[in-house]
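A.B. asks: Now for the letters of each chain:
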Amino acid sequence: MEKTEQRKPILKIEHLVKNFGTKRVLKNVNFEVFAGEIVCVIGQSGHGKSVLMKNIMGLMHPDGGQIMFKGDVIASPTTPTSKYDDVRQKFGLLFQGAALFDSMTIEDNIAFALRERTDFSETEIHQKVVKSISMVGLNNVEHLMPADLSGGMRSRVGLARAVVMEPEIMLYDEPTSALDPIMTDMVNDLILDLRQRLNMTSIIITHDISSAYKIADKIVMIYEGNVVFNGTPGEIRSSRDPYVQKFIRGNRKTYYAFDDDDGKEQNVDVGELQHARDTRKFGGISSLKVVPKAVPLEKIR
Amino acid sequence: MFKNAINGLFTFFYAISQLATLTWEVFYRFPLIFKNFDLTVKQIRIIGLGSIPLVLVTGAFIGMETIMQANFQMQGLVPMRYLGYAVSKALITELAPVITSFVVSSRISTAIAAEIGSMRTTEQLDAMYCLSLDHIRYVILPKVAAAAIMLPVLVIFSELVGYLASIFIAYAFINVTMFTYLEGLRLFFYAPDMVIGILKTSIFGVIIAISGAYFGLACVKGAEGIGAATTCAVMLSAMLILVFDFIVALIFL
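First to last, the protein sequences are chains A and B. Counting from 1, one number per residue, gives the positions in the first sequence under this note's numbering. Counting from 1001, one number per residue, gives the positions in the second sequence under this note's numbering.
If we strip away everything but chain A, and leave its shape as in the complex, we get:
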């Protein structure tokens, strides 16, 4: 932690606000990302995660606050969009559905930006394409069309297309949402591998809390346009915030609270458990005994 404080963040988001008409989707988002870090942004659907990502990528422009990259403001209500154009090449994005260009082969999809934005020869470009394809665990798919690939393969090609430009920061929009558990693990390993090989900074928008535990250095939780949690996976597990607990464990009533005197019982949510323990009070029950639901009721009584 001390080490983190000494470093300067590669990306800093300060008081970010985004409105759609009269609706304020991002209210006050603040967090920092350090070089080489893997940050997972979690939260319910419709609470502003994707809008945050689009603001970071420059696909949307903030109505308040600012985004800083290596100390320079790249997005704010007063920053011209041309300012962002200069740094956009340092960002890569893996879209949820991969967003491959339908009319091009896999090779052309990956090589398109290389051909248009670099001076590499066709041979060098081909070598880079083959290398990036094998890096994501695919082989001999260069000549195929995107429609010939499965969802998982498309995601990996999308990742290959993004990393072939060697961005400093990779953003992932729900990279594992449509994948089976084996493929999910494979994508998670890929993200870790990219950090290990290229020291790539990653920001991952996800609902998948188990993936976040596995790969994240830091988890940022967004709720109704605000950051409600910002900490390590260990810290989120022990968070006493009811919403955080509800999100990471689901809305399960897994405990009973019993009144010692009259045997009155009540379901207790995991998120409410700590509160019940602290106050020794829950739903009118004051003399509290909290018991896991797995224990048969008869045994308790």
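Keep in mind the hints are simulated off the structure, nothing from the lab. Certain hints may be false.
Reference listing, derived: stretches of chain B covered by chain A, where coverage requires no fewer than 3 residues with Cβ under 8 Å from a Cβ of chain A [claimed, not checked]:
| # | region |
| --- | --- |
| 1 | 1111 to 1124 |
| 2 | 1130 to 1137 |
Computed list of lysine-lysine pairs in DSS-like fashion (alpha-carbon distance at most 27 Å, straight line) [to be verified]:
| # | chain 1 | residue 1 | chain 2 | residue 2 |
| --- | --- | --- | --- | --- |
| 3 | A | Lys27 | A | Lys70 |
| 4 | A | Lys83 | B | Lys1035 |
| 5 | A | Lys27 | B | Lys1221 |
| 6 | A | Lys54 | A | Lys12 |
| 7 | A | Lys90 | A | Lys8 |
| 8 | A | Lys83 | A | Lys27 |
| 9 | A | Lys8 | A | Lys23 |
| 10 | A | Lys23 | B | Lys1221 |
| 11 | A | Lys27 | A | Lys246 |
| 12 | A | Lys131 | A | Lys83 |
| 13 | A | Lys23 | A | Lys70 |
| 14 | A | Lys246 | A | Lys23 |
| 15 | A | Lys83 | A | Lys8 |
| 16 | A | Lys12 | A | Lys83 |
| 17 | A | Lys23 | B | Lys1003 |
| 18 | A | Lys8 | A | Lys54 |
| 19 | A | Lys128 | B | Lys1035 |
| 20 | B | Lys1035 | A | Lys90 |
| 21 | A | Lys23 | A | Lys90 |
| 22 | A | Lys12 | A | Lys214 |
| 23 | A | Lys90 | A | Lys12 |
| 24 | B | Lys1042 | A | Lys54 |
| 25 | A | Lys131 | A | Lys90 |
| 26 | A | Lys128 | B | Lys1042 |
With the Cβ distance kept under 8 Å, some of the chain A side facing chain B (calculated, not the full set) [what the hints assert, rightly or not]:
| # | residue |
| --- | --- |
| 27 | Lys8 |
| 28 | Gln89 |
| 29 | Leu93 |
| 30 | Phe95 |
| 31 | Ala99 |
| 32 | Phe101 |
| 33 | Phe112 |
| 34 | Glu116 |
| 35 | Met165 |
Just so we're clear, the structure is a prediction, and the values are computed from it rather than from any experiment. C-beta atoms are modelled at their ideal positions from N, C-alpha and C, and glycine is treated no differently.
Dock chain B against chain A, hints included.
C.D. replies: Just chain B, lined up with the frame of chain A:
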């Protein structure tokens, strides 16, 4: 009621300004077309060659219908040596360019709106932006250029087939000698008419492609959004073809 009318008017002028901006952005990038001419060649194949069967059938029926109508209108009133003249003028100045453009528009503007709309909804355009690739240069410009190049070519095909079809009808069904009809076609043929008729279709080509691109870019998510985009694209291109046809007539005729 008054407020709605004002809102409608505002929306209309806003759309016109957006359309004009898109047209300017496409023309501004026109010199870049030669850097990726393969993309334009691909579109020429799709827009141009793919439309040939449709244009041939259209051209044949335009020619046949024109001579039938001209014969019906002129019979007993105008000497039949003017039949060729009437058909020729109608065919090359108005009917072949405009009707062929309408028919091609129904195929091309809808296809462009659906393709770009689909790219918009599946985030392919956003992906281009993230890769610092200019979607106007790589997606829209080749389509506009291909339509501007190929529509005159298609109209030439249409006129040629229209002429041949009219000659066949004159020979088979109309009481006029082949010599009289062909003399009418030849004697009153005025090359600038044909040049104007063909050149204006280049403008129609731009209109068709820009209409498709505009509604494709404005497409909202979902199948319904793409459906609406294609419908609007074909309606707008048909309307603008008529408007610009009138403007060209006002200037040159």
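A.B. asks: Now, for every hint given, state plainly whether the structure supports it.
C.D. replies: Status of the hints after comparison with the structure:
no. : hint                 : verdict
1   : 1111 to 1124         : holds (count 5)
2   : 1130 to 1137         : holds (count 4)
3   : A:Lys27 - A:Lys70    : 24 Å, holds
4   : A:Lys83 - B:Lys1035  : 26 Å, holds
5   : A:Lys27 - B:Lys1221  : 25 Å, holds
6   : A:Lys54 - A:Lys12    : 15 Å, holds
7   : A:Lys90 - A:Lys8     : 17 Å, holds
8   : A:Lys83 - A:Lys27    : 24 Å, holds
9   : A:Lys8 - A:Lys23     : 33 Å, violated
10  : A:Lys23 - B:Lys1221  : 20 Å, holds
11  : A:Lys27 - A:Lys246   : 22 Å, holds
12  : A:Lys131 - A:Lys83   : 32 Å, violated
13  : A:Lys23 - A:Lys70    : 31 Å, violated
14  : A:Lys246 - A:Lys23   : 25 Å, holds
15  : A:Lys83 - A:Lys8     : 21 Å, holds
16  : A:Lys12 - A:Lys83    : 16 Å, holds
17  : A:Lys23 - B:Lys1003  : 24 Å, holds
18  : A:Lys8 - A:Lys54     : 23 Å, holds
19  : A:Lys128 - B:Lys1035 : 23 Å, holds
20  : B:Lys1035 - A:Lys90  : 25 Å, holds
21  : A:Lys23 - A:Lys90    : 31 Å, violated
22  : A:Lys12 - A:Lys214   : 24 Å, holds
23  : A:Lys90 - A:Lys12    : 15 Å, holds
24  : B:Lys1042 - A:Lys54  : 32 Å, violated
25  : A:Lys131 - A:Lys90   : 20 Å, holds
26  : A:Lys128 - B:Lys1042 : 26 Å, holds
27  : Lys8                 : 25 Å, violated
28  : Gln89                : 5 Å, holds
29  : Leu93                : 5 Å, holds
30  : Phe95                : 5 Å, holds
31  : Ala99                : 4 Å, holds
32  : Phe101               : 6 Å, holds
33  : Phe112               : 7 Å, holds
34  : Glu116               : 6 Å, holds
35  : Met165               : 7 Å, holds
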